[in-house]
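Asker: Using the sequences plus the hints, can you model the full thing?
2 protein chains.
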Amino acid sequence: MKINTRITKLLNIKYPVIEGGMAWVGTPKLAAAVSNAGALGTIGSGNMEPEILREKIREIKELTDKPFAVNIIMLNPHAEELLEVVIEERVPIVIFGAGNPAPFVKELKAKNIKVLAVVSSDSLAIRLERVGVDAIIGEGMECGGHIGDVTTLILIQRLTDVLNVPVIAAGGIATGRAIAAMFALGAEGVQLGTAFIATHECEAHDNYKKKVLKAGIRDTVITGGKLGHPARVIKTPFSKKMLEMESNSPEEAEEMLVGSLKKAFLHGDVSQGSFMAGQSAGLIREIKSVEQLLKDLMKETHDSIEKLIKRFELQEKIAEA
Amino acid sequence: MKINTRITKLLNIKYPVIEGGMAWVGTPKLAAAVSNAGALGTIGSGNMEPEILREKIREIKELTDKPFAVNIIMLNPHAEELLEVVIEERVPIVIFGAGNPAPFVKELKAKNIKVLAVVSSDSLAIRLERVGVDAIIGEGMECGGHIGDVTTLILIQRLTDVLNVPVIAAGGIATGRAIAAMFALGAEGVQLGTAFIATHECEAHDNYKKKVLKAGIRDTVITGGKLGHPARVIKTPFSKKMLEMESNSPEEAEEMLVGSLKKAFLHGDVSQGSFMAGQSAGLIREIKSVEQLLKDLMKETHDSIEKLIKRFELQEKIAEA
Chain A
32 MKINTRITKL LNIKYPVIEG GMAWVGTPKL AAAVSNAGAL GTIGSGNMEP EILREKIREI
92 KELTDKPFAV NIIMLNPHAE ELLEVVIEER VPIVIFGAGN PAPFVKELKA KNIKVLAVVS
152 SDSLAIRLER VGVDAIIGEG MECGGHIGDV TTLILIQRLT DVLNVPVIAA GGIATGRAIA
212 AMFALGAEGV QLGTAFIATH ECEAHDNYKK KVLKAGIRDT VITGGKLGHP ARVIKTPFSK
272 KMLEMESNSP EEAEEMLVGS LKKAFLHGDV SQGSFMAGQS AGLIREIKSV EQLLKDLMKE
332 THDSIEKLIK RFELQEKIAE A
Chain B
32 MKINTRITKL LNIKYPVIEG GMAWVGTPKL AAAVSNAGAL GTIGSGNMEP EILREKIREI
92 KELTDKPFAV NIIMLNPHAE ELLEVVIEER VPIVIFGAGN PAPFVKELKA KNIKVLAVVS
152 SDSLAIRLER VGVDAIIGEG MECGGHIGDV TTLILIQRLT DVLNVPVIAA GGIATGRAIA
212 AMFALGAEGV QLGTAFIATH ECEAHDNYKK KVLKAGIRDT VITGGKLGHP ARVIKTPFSK
272 KMLEMESNSP EEAEEMLVGS LKKAFLHGDV SQGSFMAGQS AGLIREIKSV EQLLKDLMKE
332 THDSIEKLIK RFELQEKIAE A
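Protein chains in written order, with the working numbering: chain A, 32 to 352; chain B, 32 to 352.
Be careful, since some hints might not be right.
Any copy will do: because identical chains look the same in the list, a pair fits if it lies in one copy or spans two.
What the hints assert, rightly or not - In silico DSS-like pairs for lysine-lysine, Cα to Cα no more than 25 Å straight-line:
no. : residue 1 : residue 2
1   : Lys92     : Lys266
2   : Lys40     : Lys348
3   : Lys330    : Lys145
4   : Lys319    : Lys266
5   : Lys92     : Lys245
6   : Lys348    : Lys45
These aren't lab readings, by the way, just hints derived from the structure by calculation.
Answerer: Structure representation (structure tokens):
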């Protein structure tokens with residue numbers, strides 16, 4: 032099934048689905064698989080240096096001729112240089128996260144780059160619409176990685192009320208019925224992160240994928256809250272130690288974080304690695320190919336909407352009779 | 032519009048909407064208004080003593096001949112005596128909250144009382160289905176008052192997957208598009224709390240209602256987390272003091288809580304009162320009558336589903352062409 036929205040049109044994609052920007056996890060291989068399957072793949076630049084990003088962009092161009100995005104987080108001290116690379120390499124879409132990208136929007140738009148931004152609050156969304164972003168990704172606090180404090184259900188109700196640009200829902204979405212629900216709220220696309228970890232094309236260590244499969248809906252925890260940068264991760268010996276350390280010795284806790292994503296991604300190290308994932312991990316039970324995942328999600332979206340229509344039409348008939 | 036589900040049938044109500052159990056706020060007057068308008072009104076028994084509850088039940092029976100519920104929280108030391116009152120007074124529906132009511136389900140069912148339970152986890156829901164509850168209310172952590180750690184979007188996706196009894200969605204619902212979204216997820220009813228505070232029939236102090244109207248989506252905070260009983264409240268001088276006290280002097284913090292709901296409800300006291308409310312307060316801008324609120328919610332639900340149908344049918348036609 033296809034659902035055309037302003038988002039599929041804007042981004043020139045078949046399915047209104049975006050791969051969330053994930054540091055380490057969002058490799059060219061995974062992003063290309065997502066784009067080739069009809070959604071929007073995203074290179075997660077995390078704390079990358081500019082020349083590494085250039086390599087990754089060249090790599091994905093070898094793997095797909097479909098649109099793809101680069102996610103840039105404003106926390107990265109190289110953010111400005113990364114943007115230069117993105118412009119030089121003619122990346123079609125930039126997705127900003129973790130911070131306020133307002134100063135950069137105009138320049139990118141002038142270069143014909145589509146600009147999306149991930150927000151966790153309505154106030155930032157309103158400001159970014161004013162400076163010209165093409166769409167807003169509202170991300171609820173059930174998502175993996177860096178989080179705000181408002182849930183997806185609340186944030187999307189609010190954003191579809193106050194914005195004119197299309198809204199993309201993120202955080203907690205791992206089933207087709209959730210995608211249907213987000214459309215009912217007025218969203219015109221969805222962004223998924225954790226669901227893409229559980230794919231064959233994801234290059235994360237097997238332990239990472241296993242952690243996602245085994246997790247229940249209550250098996251994530253928020254670390255870093257006391258350090259001022261809360262992030263949702265799967266409960267592990269590392270996350271437990273982090274929570275203790277945050278209270279007792281914030282400086283050591285900050286040190287523990289250095290390299291912790293890499294250790295989870297490359298080595299599946301549960302004692303020193305930080306396994307970022309959303310609460311939706313509790314809904315994922317199977318590793319699939321990216322193509323199969325997207326097909327299954329779209330089929331369930333279709334079925335959920337049809338079921339709703341049937342139930343609703345039946346009610347209308349009863350009411351008329 | 033009417034949407035008939037297993038919930039409207041089970042509870043014998045016109046709209047698949049339940050008033051959430053709210054201590055102090057859930058008075059016979061408000062609950063009767065909700066029931067008279069076609070939804071299910073609920074007396075929130077909170078920490079009530081048994082003979083007070085008996086009075087309240089007799090009061091609501093004077094005000095409505097429609098079905099109503101009594102909410103009983105397992106934290107109340109009088110819970111067992113309250114149940115005796117409920118049986119003696121032939122209350123048609125009991126809704127359990129805040130704890131595991133498994134031991135009492137059979138007895139109530141034997142007396143022909145419908146039994147619903149509010150849960151914040153899938154594990155408790157599965158256990159309660161086994162002991163025979165008629166429906167499960169899944170309440171996400173965006174809700175007001177006592178909260179769990181999973182969001183509504185996650186919890187409802189999970190519950191509709193693992194349960195056979197009907198699922199009612201609670202937490203963060205204050206618009207018709209959110210109700211439509213919950214139906215898309217497979218829920219068969221919704222429970223609203225905060226939305227009913229902003230009604231003429233609600234007997235809370237004006238300051239309480241004003242706090243709800245003025246709140247943005249980020250204007251609630253979780254107090255009591257360090258005391259082991261987290262509750263979502265509107266940010267006030269009291270909530271700020273509570274958070275400091277929890278860290279510095281848990282015993283004093285516990286003392287501060289005594290009577291704090293009453294002080295918010297009766298006196299609108301922002302320095303000593305605890306204004307429980309969900310993140311949905313940020314979506315509420317107007318005081319309405321209960322009847323108007325329900326009509327508006329149902330109309331928006333209808334419109335959201337119709338919009339989704341139109342968009343979807345258009346896509347199907349394009350696909351066929």
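Asker: If the cutoff is 25 Å on CA atoms, where do lysine 92 and lysine 266 land: within, between, both or neither? Let me know, please.
Answerer: neither (36 Å within a copy, 49 Å between copies)
Asker: Measure nothing new, just compare the shortest in-copy and cross-copy C-alpha distances for lysine 92 and lysine 245 to 25 Å and report within, between, both or neither.
Answerer: neither (34 Å within a copy, 49 Å between copies)
Asker: I want to check one pair: lysine 348 and lysine 45. Are their C-alpha atoms no more than 25 Å apart within a copy, between two copies, both, or neither?
Answerer: between (34 Å within a copy, 16 Å between copies)
Asker: For lysine 330 and lysine 145, with the copy left unspecified, which applies at a CA distance of at most 25 Å: within, between, both, or neither?
Answerer: Neither: 28 Å inside a copy, 36 Å across copies.
Asker: When Cα atoms must be at most 25 Å apart, do lysine 40 and lysine 348 count as within-copy, between-copy, both, or neither?
Answerer: between (35 Å within a copy, 18 Å between copies)
Asker: If the cut is 25 Å between Cα atoms, do lysine 319 and lysine 266 qualify within a copy, between copies, both or neither?
Answerer: within (23 Å within a copy, 44 Å between copies)
Checked against the numbered hints above, the structure violates hints 1, 3, 5; every other hint is satisfied.
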